[in-house]
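*Asks:* My request is simple: use the sequences and hints to build the entire structure.
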Amino acid sequence: EAGVTQSPTHLIKTRGQQATLRCSPISGHTSVYWYQQALGLGLQFLLWYDEGEERNRGNFPPRFSGRQFPNYSSELNVNALELEDSALYLCASSSQTGWNQPQHFGDGTRLSIL
Amino acid sequence: SQQGEEDPQALSIQEGENATMNCSYKTSINNLQWYRQNSGRGLVHLILIRSNEREKHSGRLRVTLDTSKKSSSLLITASRAADTASYFCATEGDNYGQNFVFGPGTRLSVLP
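Residue numbers (my numbering), protein chains in the order written: chain C, 15 to 128; chain F, 170 to 281.
Honestly, I wouldn't trust all of these hints.
What follows is a set of in silico ranges between Cβ atoms, one per label pair, in the way DEER data are often shown [said to hold, decoys possible]:
no., chain 1, residue 1, chain 2, residue 2, range
1, C, 58, F, 226, 28 to 36 Å
2, C, 55, F, 213, 17 to 25 Å
3, C, 85, F, 222, 32 to 40 Å
4, F, 199, C, 36, 29 to 37 Å
5, C, 55, F, 195, 16 to 24 Å
6, C, 36, F, 197, 29 to 37 Å
7, C, 68, F, 197, 19 to 27 Å
8, F, 187, C, 29, 22 to 30 Å
9, C, 94, F, 249, 40 to 48 Å
10, C, 32, F, 186, 47 to 55 Å
Since the hints were derived computationally from the structure, they do not count as laboratory data.
Beta carbons: idealized from backbone N, C-alpha and C, even for Gly.
*Replies:* Following this line, the structure appears as structure tokens:
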């Protein structure tokens, strides 16, 4: 069984640009979660998608957005990039919606803002 | 607000010793989960313990949950160098069941 895959592995952008990060969940998983992990810090919840709908978002500005496609893959978009957006962005998937299931993580996209 | 918070922030032990990490949280929960993260990698799920459970085992891992004290502990017995990683507890956030909160983690170093 293939795990959660994220692309690209690394992404370098400059301030003001836009970044698109992609995530493919484990086959059969319908829920996708996005997290931001700044260097040396814990994970901050960004977005939760299930069955193509945004179920909840964390305390992030609107320039962080995303979507989930019919095949359950997901995309995270960050507009008007700022230096503090530099972080590891992790995607996770679970087989059922809600918090009662373990989340399976990809290895992340390292976003660096110059 | 920080829902899950691990203690200590960093722990260094010798191979073969036991490692204990603690997690405190603020609001009522349905369950609490522990994850491991190797440097620069994604998180790996270790154990999920439900609010009506007090203890759970998985191999060399033992997790306890005390809902009256709003705390959990993760014990790794007979540690190995490969256990070197950061360990996170995770719970629902303040927006019950709708927001997922990970603590800042405990950085465990197991020295050979």
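*Asks:* Please go over all the hints and tell whether each is borne out by the structure.
*Replies:* Here is how each hint holds up against the structure:
Taking 28 to 36 Å as the suggested C-beta distance range, the pair residue 58/C and residue 226/F conforms, at roughly 31 Å. For residue 55/C and residue 213/F, the hinted distance range of 17 to 25 Å is satisfied, since their beta carbons lie about 19 Å from each other. For the hinted restraint 32 to 40 Å between residue 85/C and residue 222/F, the CB-CB distance of approximately 36 Å keeps it satisfied. One distance hint, 29 to 37 Å for the beta-carbon pair residue 199/F and residue 36/C, holds here, with the actual separation near 31 Å.
The hinted range of 16 to 24 Å is satisfied by residue 55/C and residue 195/F, whose Cβ atoms lie roughly 19 Å apart. The hinted window of 29 to 37 Å between residue 36/C and residue 197/F holds, with their beta carbons roughly 36 Å apart. Taking 19 to 27 Å as the suggested C-beta distance range, the pair residue 68/C and residue 197/F conforms, at roughly 25 Å. Our hint of 22 to 30 Å for residue 187/F and residue 29/C is violated, since their Cβ atoms are close to 47 Å apart.
In this structure the hint that residue 94/C and residue 249/F lie 40 to 48 Å apart at CB holds, the actual value being about 45 Å. Distance hint check: the CB atoms of residue 32/C and residue 186/F are about 48 Å apart, consistent with the given range 47 to 55 Å.
The earlier numbered hint that this structure contradicts is number 8, and it is the only one.
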